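Those protein sequences? They're chains A and B, same order as listed.
Residue 136 in the UniProt record's numbering sits at position 136 of the first sequence, and the numbers go up by one each step.
Residue 14 in the UniProt record's numbering sits at position 14 of the second sequence, and the numbers go up by one each step.
No lab work stands behind these hints, which were simulated from the structure alone.
The model shown is predicted, which means the values in this text are computed figures rather than measured ones.
Hints should not be assumed to be uniformly reliable.
Examples of chain B residues toward chain A, derived with CB under 8 angstroms [what the hints assert, rightly or not]:
(1) E40
(2) L232
(3) K295
(4) D372
(5) K380
By construction, the Cβ of each residue, glycine as well, lies at the ideal position given by its N, Cα and C atoms.
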Amino acid sequence: MSAAGVAESLLALSQQEELEDLPKDYPLNPSEDEEDIDGERKHQKLLEAISSLDGNNRWKLAERSEASLKVSEFNVTSEGLGEKLVLSDLLGPVKTSSSLAAVKKQLNRVKSKKTVELPLNKEEVERIHREVAFNKTSQALSKWDPIVVKNRQAEQLVFPLKKEQSAFAPIEHVLSSWKARTPLEQEVFNLLHKNKQPVTDPLLTPVEKASLKAMSLEEAKMRRAELQRARALQSYYEARARREKKIKSKKYRKVLKKGKAKKALKEFEKLQKENPTAALEELEKIEKARMMERMSLKHQNSGKWAKSKAIMAKYDLKARQAMQEQLARHKELTQKLQAASESEEEEGDVEEEGELLVPDAVNEIQMDADGPNPWMLRNHSSGTKEARIQDPEQLPEPVAHETPESEEEERPGAEEEILLNEFEERRSLRKKAELNQDTEPVSRQEPKDSSSQEVLSELRALSQKLNKENQSGKQKVSSARTVRVVQRKDPTEEEEEPLLLHRPERAQTVEDLEELGKEGCFQNKEVPRSVLEGQQLERNPNNHPGAPKEKKKKEQMIDLQNFLTTKSPSVKSLAVPMTIEELEDEEERDQKRMIKEAFAGDDVIRDFLKEKREAVEASKPKDVDLTLPGWGEWGGVGLKPSAKKRRRFLIKTPEGPPRKDKNLPNVIINEKRNVHAAAHQVRVLPYPFTHHQQFERTIQTPIGPTWNTQRAFQNLTMPKVVTKPGHIIKPIKAEDVGYRSSSRSDLSVVQRNPKQLTVRHKNQLKKNSID
Amino acid sequence: MKVKMLSRNPDNYVRETKLDLQRVPRNYDPTLHPFEVPREYVRALNATKLERVFAKPFLASLDGHRDGVNCLAKHPKSLATVLSGACDGEVRIWNLTKRKCIRTIQAHEGFVRGICTRFCGTSFFTVGDDKTVKQWKMDGPGYGEEEEPLHTILGKTVYTGIDHHWKEAVFATCGQQVDIWDEQRTSPICSMTWGFDSISSVKFNPIETFLLGSCASDRNIVLYDMRQATPLKKVILDMRTNTICWNPMEAFIFTAANEDYNLYTFDMRALDTPVMVHMDHVSAVLDVDYSPTGKEFVSASFDKSIRIFPVDKSRSREVYHTKRMQHVICVKWTSDSKYIMCGSDEMNIRLWKANASEKLGVLTSREKAAKDYNQKLKEKFQHHPHIKRIARHRHLPKSIYSQIQEQRIMREARRRKEVNRLKHSKPGSVSIVSEKKKHIVAVVK
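The following block holds chain B by itself, in its conformation from the complex (with noise of 0.2 angstroms):
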């Protein structure tokens, strides 16, 4: 008689190796695991809950500058490596990995009012108040050379600002006029000018290079081309525009730091209407930096706290603060995405965690999986009430706090007065102005 024997394929339940788990046949009959939405819900609950309790952003604090740190540049070869321009003319190198300064320039006398990196990281440029751009090689002098610019480039005026150009041996400089150089020459292959008044700061497009935009101190923000040597367009906005940042991954998408505690972030190619408003700063916004990934950016301000914005919410995500930390002057994000730099008044450079709640280091596949299971589990939750309010909840500055109740009271009263006046008068006659449309003064072409 034959005896048929049950049967197994071994695939089901042998390891290939002894480091894998064990298998689990698991049945995946819903009866048998009820509940679903509670569970998760609960999961969802606990996970905000841990990403609060771990929220600790600040990683270091780099000291050494004698004077209010005024300019950052990252370099673009190197994570570790940070220049930091002071307002006594000081420019230090640091190593974030050591969180050491290595390398000390006097570089101009009085502020150093600009400070960029060549593309390709051999060689980087300063501007300051004695009317000088000096060109620095990056590395060290050997023994017992001494610490020289590889070129000065004297010239009439104060130059505010200097950023370089993305793919090219150009640069730009902003001061009276928008000049843009050749590194090999002392005078600038052409200058741009419309209107007379300072600009403060000049960027270049990171991805279609031959685009400059600027701001001046007369509230406008003008664009440039630089192939064919003219502006563009400029807008005129409410109060000054302190600086503005290209998206790295959007080519016509620019966000500018204004004077009015907000953010406007535009498409160049409609500049009649922002395409977002963020607010939440308490105080004038000096500086904005988007991180690599384009998907959001990060603002310092003179309210000295930064805040963290997704490019498509008008509300930060994130704020950050510290005791200590005075006026914010400015601010990076570095180019793998993960920290902040921020260098303020107080001499300062601060490094945080872009996430703050993130671990760092290496993660297991597992701790992986978990990670990514909580976050969908925040998102998909994000609008239960419980969540959203522990998830939102910030502690913040008496300062900051109080100016923050004091505004709503002052917008909500605004409001009011706006919703009256449209109330008693003639239908037609007041218009309700959106929020975005409100602080533009004017386009001119």
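Chain A on its own, in the form it takes in the complex (with noise of 0.2 angstroms):
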């Protein structure tokens, strides 16, 4: 190619860059630089071409390996390659025109919102998902934790734990698949369904049905009161017949008699008044029961039970008095009615109340007689009979005549209201009777005097000072006997001192009888039936007086003194219980004897102590003796060291310590251990036990049936685990520990694609990761 073509080419390029360059400065107000450096670009160029002439003709094509600097229309220059591109550099130019006003505002809001953060890498994400998820299940897992731990520590585990509940199908279900199918069964059904009864729901007829809808709620409510108030109302009525049936006492019938009969007589009064004819018929009742009573042989003294009485009736006073009672009850059914006068009618009760009285005191009598149960009573009666003819006369008699009478008052009334009345009218009399003749028995048929309140007040305050005394008087007696019975039983123990050894010792002293003495109310609460006793003997005016109660209370004390220790001293004043006591005596020794007599030749005692004292000595530390005989004198045969010289070498070894079963007479404990049993002992305390102690309490408790009842050896030998054979042990679940279950499916969360996260989403996960 021609130079001239070069140049040629040359300009047109020159120009054609003039060309592009115009619009790309023209509306941009190109800088001082860049002009300065196109010039220079065209600078280059220019000699290039210059070169290319010159050297061998060869067109060479501008190389371009990169984008580089020289390269500016048709590329993207590499200027300004460091600055930032900012936008307000892009927003400047758009202002004059109106028409990019809504770019423009895009622009902005860009330009107010933060760049984004590059994405992390994989690895960091996945780890930090990991991470996330295990916080999450372990939170999960230790909602487990109490069950575990209750589990473990569990005194009983049954499996499997998840019991399996019998199946019982309700009766309709089992009703609605059954079906009339033999004739006999479709006939009932039929019948059944005419009736409409209930066949598969079997609950309700449909009456019933209707009629618990007829009725409304208030309605239903006052019934239901109602035949709440109607049941209570039995019921109490009930309970009332039940307990007055129940009592036995003779008294409260003959009472509950007469409160009938007189009740009987009053409406009968009544009735007189008010329709005659009505009391007429009643009347002829009565005189109709009247003469049955007569025709018949009641009450007449001719029965068995009479004939029996009649024999005893010369003797016995009570049959006698009963007798008679048979025959005035016998008098007064036979007796014509008539309209009585208040008065008599007094008159009679007052006879009648002498009647009451007399059993009363009979069965008292007797309850001393014979006791109610000889085995249980037999300590105190055979005291009680003792001191009866020990000291007949001991305290001032009046007191054995008062008392009873204070005890009456005192004793609650129980009895009917009806007759609360005459009681204290009794009473009264009665009181002064005894007032005027002490000894002598009452008499009944005492001429009846004014009972004036003043006179009963005034007894009461005197019984009351004469118990006072009475107490006091106790105490100075209970003082001054203990003396004697000490004596009287150190006799017994003596006997019995050789027989057992180191009996330990017992304060028997005065002292403390009399301490104990002193305390007269707290033996009445420890001791109560031994006063009641002495109260009923009191109470027989005839047979003896007080006394003898704070002698046998005495006895008694004693008796719990030496109760474990020592035989009770055996009574010999009586007669009979003595013979048989002695026999008794005879008999232990008997046995005695034969014990002595087949263990003869083995004294077991000696030889456990010959034992003790071997084992005593053997224990004890030895002295030392380091003589050397011939050391320093002269030995030989027949020579001895000299006694200077022994005690110089003996060394003497202290005392160890006191013998663990030096107090103990009957014990040998050996210190020393024992080889054979180490080889049985547990030389390390073992894993849960942190003290020795608890470990041989543990050992110590047995746990066997020899030791414990039925229920606690059980409750003791309770297996840890008990499993049912041919059970299936499924793994525990969530429902079964009252936990909801984790989830409705596990699978629920797998199908969604765990890539798909949010950036949101992530940077909250660093977040947590990071926290």
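Take each chain as given, in its own frame, and dock them per the hints.
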């Protein structure tokens, strides 16, 4: 190619560049620098063109290896490489044109937002995922902690955990599948259907349902309340009747009967006034009853019982009284009914009261005579009897007579109200009589005096005072008596002494007993039975004064003290029991003799003592003798080292600690460690125990049935894990222990693609993991 | 005169029925029954001796396989049914009461790597070396029908283990990754992976059923959450873990059977320290299974024995072995917690009592009371040296016995060395690492 051609092309190129440059420069006000750069570039090109002219004339293409500084129009210029493109630069020129307002707004909005950070690399994201998931899972799992702990510490676990409920279907379900097949069944079915009896749902018939619906709520409530009231009343009456029926007291029955009779009489009188005809009928009835009584042999002392009583009547006051009573009854029943005056009635009452009184006394005497249970009361009765004989007159007599009254006054009135007043009267009467004649038996037929309240109150005061005196007297007597009692006791103890070795000594001094005696009231509480008996005795005026009570009490006190160690002292003053006791004593002696004979050869006790002495000797530390015969003096046969030398070389070992069995006479405690036993002993404290005492305690409590009751044994030997043979044990379930199971389905989340997490979510994850 | 009779309440001495025992009034006065402790001690001693006398745990051997038994599975609904897969691809279903094989299936070519039953007990799944997962019906084919799987899934890689979800129609396989499959689909609904090594076993948590545990041959145990489809945590031990088993009563506890002769019980919330290290085996532990009561587990080992460990003890309470039993590859505790099955190399499945001296069958109430009493006595006096010695005594095969001695010497030497190092180095420069921490290399989040 010629040089002219080259020049042409160059020109054309430059022109083109200029042309290209124009539109670019025009709107932008190119800076001075850029013009310079352009100029330089042109200059460069020109130089190149020239150089190519003179060298080999080959057209050399401009080499473009990369986006270089040289390229401008068609390529991205790399000027301002390190600089950041700022949005405001772009926005600047937009200001002028109003058509670009929307774009501008958008860009402004963009400007206010911050730039997005680079996404984390995959590994890190996964790690964060894992951590979050792990935390979640461990939280979910820790809900099992209490259950696991509970199961680990449980005394007993029974598997399978979930109890299979026995499946029983309600009757309706069973019946629904049932159908009538046989003709008989069908017939029954039809019948039932006719009555609209429920077959499948046997709860309520339609009628019942209708009635239920018909009754309103208030009505139902009222009715219910009514029913309740009625039921309560009924039950109350029933209970009362039952209670009354149970009462066994004869007296009560009598009173009741009399009350009824009175009532009947009253009613009769009323009837007489109101309705004479009815009264007449009643009268007839009564007359008829009288006739019947007259006809019969009842109450005429002709029955079996009466005959037996007749035999006894000669000797027994009671029998006589009973017979008289019967006759009186007969008389009463056969008497013609008259309209009696009030005074007469009263008199009759008094008489009857007297009659009533007698059996009471009789009963009491009886109780004293042979007692309710001879076995139970042996000690006391023997005591009392003895006392009766020994000192019949110790206390002033009035006490014996006054006490019953005071007691009766204090007795709570459990009787019917009707007779309360009568009782009062009666009491006052009796008291008067007793005051007048001390020792004589009370005569029932005493003419009635005007019983004033004054006398009664006086009497009460008197009786209280006497009671107090009585108590103080008791104390005095007790202190006086103790000495003798102890004396009497001693011989028996001495008898037994050689038989038992080393019995612990009991405090039986006079002072001790006195001390105990002082606590009179306390005793009273402690020995209620004895007191009661004493009272019973006192009630009997003829027999004895109240003194024996104290005596007996004291004896019992002594008994209590020596109950465990010594035999209770046999009572010798009484004739009959003594012989028996003597017999017993003989038997015992016999037995002892036999035992002695049988074990004559081996004296176990002496052997034991000897053994113990030997053990003690053996365990004593021994002195060390270091004397050498012949050392420092002559030695030989028959020569002994001198005492001085022996003393000098004898090393005395110090006394060891006192033996553990020093004060235990019948025990040998071997303090040396036994090798044979050690083989069976635990050397190191086992793991769960923290102190050896704990361990020892667990070992020492026996668990066998020999030492425990059946129930305790079962509890102690309860196995830790119980499984039923043939039952499949399923893994524990959340529902079993009352938790909600963790999710509806474990799969529900898996289906979702975990990779589609938003950037925000990821950021959150990251934050979580950092936390 | 009234005579009062002695009266007794007939309730105190009259039997209700003829069959009742006569009521014997007892006096529990302790003075009448002295020497409680010595007497009970003697009773305990006798009970311990009798326990050893009656310890005859081996019940039956089920033979029929023509290659080593590689995997076992329990039937979820029937106690008498057991499934086993052998190394020649054969699957057998056994009836334990008859002690007979009731069905044989040639399931795979090559090993049957894993077998598991569906929770309802109607079908079971097997995976084999032929890269397939097959679902089979539990009932045999009818007359004239061919033995065919319900479904077959052809995979790209070999599956080494399988486990079924406890509630849903989902199962998990492991191989190069852990795949979770819907029963109805031929592709996994999700696969989870962490690292690139073959995973030897995968197990669903029986309580929190969305949890999975797997162990890979790069010495790690990985836990997965199925709901979030991510792994949770990874713990790397000294040596490879062969398999893991979840405690069926404690949701977060699992035990790993390791190649370093030990088993490790982990709380999955704190993987950096195992709760307990169970050591007694003298060779690699190949399989482990929990008792359904969650109080004990059984482990099968390469040392030709199986051992029973209480969960909270580091030493085994029992070891079972027979002369003919070779390396035990798989072991299962039956779901009534009474028996143990183990499959071993020499083609047999053996049935053992879980409690060696237990009397089988129905016990009378008196027998039961005596048993309970004896058990309590043994517990009470278990620390006494004589009783302890008798209770602990087990006869072991010579190989195991000598191995134990050898390993004891080795352990002693190591300990001595450690103590010496501690003694002769600057205080604080050497620290003693506890046995529990020693075997944990790292926990990866």
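Cross-check of the supplied hints:
no.: 1; hint: E40; in the structure: holds, 6 angstroms
no.: 2; hint: L232; in the structure: holds, 4 angstroms
no.: 3; hint: K295; in the structure: holds, 6 angstroms
no.: 4; hint: D372; in the structure: holds, 4 angstroms
no.: 5; hint: K380; in the structure: holds, 7 angstroms
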